Amino acid sequence: MTRLSRRNLARYATDQLVAQNDVTQLARDIFSVLADDGRTGELELLMADIYYELEDHGQVANTRITSAVDLSDQLMAEVKALVKKTTGVDQVLLNPKIDKSVVGGLRIETATKVWDRTVANQLNDLKGAF
Amino acid sequence: MATITQLADASSSGSGIGAFNINLKSFIFQLVTFVIVVLVFKKWLLPPIVKTLEERRKTLEKSLTDAKATEEALARAETQADEILAKARGAADQAITEGRKSAEGIVASAEESAAKRAALIVKEAEAHLDQERRQLREELRAELAELVADATEKIIRQKLDAEADRKLIEQSLKDIG
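Protein chains in written order, with the working numbering: chain D, 1 to 130; chain W, 1 to 177.
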C-alpha cells in the first residue's frame with residue numbers, strides 16, 4: 001500500500017472537516033493510518049498541517065498569543081479582529097500563553113503568520129544590529 | 001849519381017858543405033829515405049787518412065746540420081707550446097670570468113627571490129593580523145551588544161509594569177493593524 005504523505009492526510013482531513021463529516025470517524029481513520037504505518041509520533045505535526053490547511057482555506061485560524069502579562073478581554077478581542085482581517089478566516093481560535101521571558105509586548109502566531117512585538121525580540125534585534 | 005858522389009866527397013873535406021858539419025852521405029841517405037817515406041805515405045797512407053778525415057768531416061757537417069735543424073724544430077716547438085699555453089690561459093681566464101658572472105647572477109637571483117618571499121610572508125602576516133583584528137573587533141562588538149541588551153532587559157524588567165506593558169501591547173496591535 002502506498003504510504004500517504006502527511007500533507008495529503010492533512011488535506012484529506014481538512015476536506016472532511018469543511019464538508020462537516022463525522023469528526024470522530026475522521027479521527028479514527030487518521031489514527032488508523034498513522035498506527036498502521038507506525039507514524040503515531042507524527043500526530044502533532046499532522047495537527048499543525050491540518051491547521052495550516054484550514055487557515056489556508058479561510059476556515060479557521062488557531063492563534064497562539066504569548067505575553068508577559070494576562071491580556072484583557074478588550075485586547076483579546078482586538079487580536080481576534082486583527083487575525084481575522086489579515087488571514088481572511090471565518091473563525092479565530094485564541095490560545096493565550098504567559099511567558100515572562102518575553103519581558104513585555106506580545107507575540108501572535110497562526111499557522112501561516114507570525115507577529116513578534118515582544119521586548120525580548122526587540123532586544124535580540126538590538127544585539128543583531130551590532 | 002856522380003853529383004851525389006861529388007857532394008859526398010866535398011862534405012868530407014873541411015871546406016864548402018863540410019864547414020857546416022853535415023855528413024852528406026847520411027843526409028842524402030836520409031833524404032832518399034824521407035822521399036821514399038813521403039811517397040809511401042802519399043800513395044798508401046794518405047788516401048785512407050784523407051778518406052777517413054773526409055768521412056769524419058762529412059759526418060760532422062751532417063751532425064751540425066742535424067743539430068741546427070733540431071734546434072730550429074725545438075725553437076718552433078717552444079713557440080707553439082707558448083702559443084698553446086697562452087691560448088689555454090686565455091680560455092681558463094674566460095671560463096673563470098664566465099663562472100664568476102654566472103655565480104653572481106645566481107646569487108643575485110637567489111637574493112631577489114628571497115626578498116620577494118620575505119615580502120610575501122610579511123604581506124600574509126599583515127593580512128592575517130588584519131583578519132584577527134577584525135575578528136576581535138567583531139567579537140568585542142557582539143559582547144558589547146550582549147551586555148547592552150542584558151542591561152536594557154534588566155532595566156526594562158524593573159520599569160515595565162502591567163500598565164506600561166498593556167500600553168505597549170496596544171501600540172503593537174496598532175502598528176500591526
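Derived by calculation from the structure, the hints in this document are not laboratory data. Given the structure is predicted, the values throughout are model-derived calculations rather than measurements. Glycine included, each C-beta is placed from N, C-alpha and C at the ideal position. Each hint should be verified, as a subset may be incorrect.
Listed below are the simulated DSS-like cross-link pairs for lysine-lysine, each with C-alpha atoms no more than 25 Å apart in a straight line [said to hold, decoys possible]:
1) D:K127 x D:K84
2) W:K167 x D:K85
3) W:K43 x D:K100
4) D:K113 x W:K154
5) D:K97 x W:K174
6) D:K97 x W:K154
7) D:K85 x D:K113
8) W:K25 x D:K97
Cβ-Cβ distance ranges computed for the label pairs, FRET-style [unchecked claim]:
9) W:L140 x D:S5: 45 to 53 Å
10) D:D15 x W:K159: 46 to 54 Å
11) W:I155 x D:D73: 43 to 51 Å
12) W:K167 x D:L43: 38 to 46 Å
13) D:A129 x W:E132: 21 to 29 Å
14) W:R137 x D:Q122: 54 to 62 Å
15) W:K167 x D:G41: 54 to 62 Å
These are the hints, each one checked on the structure:
The hinted pair formed by D:K127 and D:K84 fails the criterion: a straight-line CA distance of about 33 Å is larger than 25 Å. Only pairs whose Cα atoms come within 25 Å are accepted, and W:K167 paired with D:K85 is accepted, the gap being roughly 22 Å. Of the supplied pair hints, the one linking W:K43 and D:K100 is violated, its CA atoms being roughly 168 Å apart against a limit of 25 Å. A threshold of 25 Å between alpha carbons decides the hint, and for D:K113 with W:K154 the separation of about 30 Å lies outside it, so the pair is violated.
Restraint check for D:K97 and W:K174: satisfied, since their Cα atoms lie roughly 21 Å apart, inside the 25 Å limit. A hinted pair counts as satisfied when its Cα atoms are at most 25 Å apart, and D:K97 with W:K154 qualifies at roughly 22 Å. Using a Cα cut-off of 25 Å, the hinted pair D:K85 and D:K113 holds, with the two alpha carbons roughly 12 Å apart. A hinted pair counts as satisfied when its Cα atoms are at most 25 Å apart, and W:K25 with D:K97 does not qualify at roughly 192 Å.
Evaluation of the 45 to 53 Å hint for W:L140 and D:S5 yields a pass: the beta carbon distance comes to about 49 Å. D:D15 and W:K159 have their C-beta atoms about 51 Å apart, which keeps the hinted 46 to 54 Å range intact. Distance hint check for W:I155 and D:D73: the Cβ-Cβ separation is about 31 Å, which falls outside the suggested range of 43 to 51 Å. For W:K167 paired with D:L43, a C-beta distance near 40 Å keeps the hint of 38 to 46 Å intact.
A hinted range of 21 to 29 Å for the beta carbons of D:A129 and W:E132 is consistent with their spacing of about 24 Å. Distance hint for W:R137 and D:Q122: a CB-CB separation of about 25 Å, inconsistent with the stated range 54 to 62 Å. For the hinted restraint 54 to 62 Å between W:K167 and D:G41, the CB-CB distance of approximately 43 Å leaves it violated.
Of the hints listed earlier, those the structure fails to meet are numbers 1, 3, 4, 8, 11, 14, 15, in rising order.
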